[in-house]
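J.: Sequence:
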Amino acid sequence: MLRLNAALSPLTPDDLVTHYREGKCLVLEGAADKFAELISPLDIERRLNDGCNASVFPQTIKDGTRRASVDANCTWSPASLKKSDFILELEAGHSFMLANASQVTQALSQLCDELELLFEEDQVHADVHLYVSTDERGNSYDAHRDLPQHKLLLQVCGTANWEIYEPKQELPANVIAIPADQHDDTLTLVSSFALKQGHLLYMPPGVFHRVKSVEGARISVSIPFYSMPDANKMDRRHIPFASFFENAERATKAAPSKG
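Under the working numbering, the first residue of the sequence shown is numbered 1305, with each subsequent residue one higher.
Everything labelled a hint here was simulated from the structure, so no lab data went into it. Using N, Cα and C, we set each Cβ at its ideal position, and we do this for glycine too. Certain hints may be false.
[To be verified] For lysine-lysine, the following DSS-like pairs were computed, each having C-alpha atoms within a straight-line distance of at most 25 angstroms:
no., residue 1, residue 2
1, LYS1338, LYS1500
2, LYS1366, LYS1386
3, LYS1328, LYS1557
4, LYS1516, LYS1386
5, LYS1455, LYS1338
[Said to hold, decoys possible] Label pairs and their calculated CB-CB ranges:
no., residue 1, residue 2, range
6, GLU1395, GLY1368, 19 to 25 angstroms
7, ALA1484, PRO1509, 18 to 24 angstroms
8, LYS1500, ASP1446, 21 to 27 angstroms
9, SER1496, GLY1397, 19 to 25 angstroms
10, GLN1427, LEU1306, 21 to 27 angstroms
11, ALA1484, GLU1553, 53 to 59 angstroms
12, ASN1465, LYS1537, 32 to 38 angstroms
13, GLU1424, CYS1378, 39 to 45 angstroms
Please construct the entire structure, taking both the sequences and the accompanying hints into account.
T.: What follows is the structure in structure tokens.
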């Protein structure tokens, strides 16, 4: 579990299991370059520009929620990212979220595979959600809670200023998000902290939270995971296509010429 060990250092995977079982949040500080190998802005750029080859499109965060700008029923494709609108939203400083990102890089794939292996007994399945802001104008959701998933958050670039809340009274299970104008009446702030570059956060299900603000260009890797006994395990094995191609080229050049 090289990736997971490195992410959790100086703690161990067993420490994460303890917090998972006890339902306790964990904030772990780390060096600024701790997660530099997980993903880069160029990796995200490549994924964004493969705009018609996705089952889930990047979703811009605006007015406390998120939405995707998509052209439907395109020639050759049922849907495609509306890039002109997306670029305008980036220029306006909006953040975006990109789900189904566990195979964007080999490092993210390995990390998810190792996390699933750690909780193999519970048959958990993981995904990667990328939260990205290009500057301090980056925005976020209203205060909300995630159910039923646990979350592991790794701050790759920049800083995200977090707030953790408790409800003032028990809320119905179907109440997931609290609009900004109802925060004071519904929630009590219990913790606020800066998740800086190289820091890690583990959060159990059901914790009300929000990112109040960001500092600088921000890339946050959010890994939701929970038990799904009947689901198939995602095959994230890396396809070494370049090696196949280069080997074929070498074999062709080495073959004796005919005639």
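J.: Each hint: holds or not?
T.: Here's how the hints hold up against the structure:
1. At most 25 angstroms may separate the alpha-carbon atoms for a hinted pair to count; LYS1338 and LYS1500 meet this at roughly 11 angstroms.
2. At most 25 angstroms may separate the alpha-carbon atoms for a hinted pair to count; LYS1366 and LYS1386 meet this at roughly 16 angstroms.
3. Simply put, LYS1328 and LYS1557 have alpha-carbon atoms about 60 angstroms apart, too far for the 25 angstroms limit, and the pair is violated.
4. Between LYS1516 and LYS1386 the CA atoms are separated by roughly 28 angstroms; this puts the pair beyond 25 angstroms, and the hint is violated.
5. This hinted pair checks out: LYS1455 and LYS1338 have alpha carbons roughly 19 angstroms apart, not beyond 25 angstroms.
6. At roughly 21 angstroms, the beta carbons of GLU1395 and GLY1368 sit within the given window of 19 to 25 angstroms.
7. Judged by the Cβ atoms, the range 18 to 24 angstroms given for ALA1484 and PRO1509 holds: they are separated by roughly 23 angstroms.
8. At about 23 angstroms, the beta-carbon gap between LYS1500 and ASP1446 stays in the expected band of 21 to 27 angstroms.
9. Take SER1496 and GLY1397: their Cβ atoms lie about 23 angstroms apart, and the range 19 to 25 angstroms holds.
10. Against the hinted window of 21 to 27 angstroms, the Cβ-Cβ separation of GLN1427 and LEU1306 comes to about 23 angstroms, which satisfies the hint.
11. Here the CB-CB span from ALA1484 to GLU1553 is close to 58 angstroms, well matched to the stated 53 to 59 angstroms.
12. Checked against the hint of 32 to 38 angstroms, the pair ASN1465 and LYS1537 passes, with Cβ atoms roughly 36 angstroms apart.
13. A C-beta distance of roughly 41 angstroms is found between GLU1424 and CYS1378, which places it inside the suggested range of 39 to 45 angstroms.
Of the numbered hints given earlier, the model fails hints 3, 4; all others are met.
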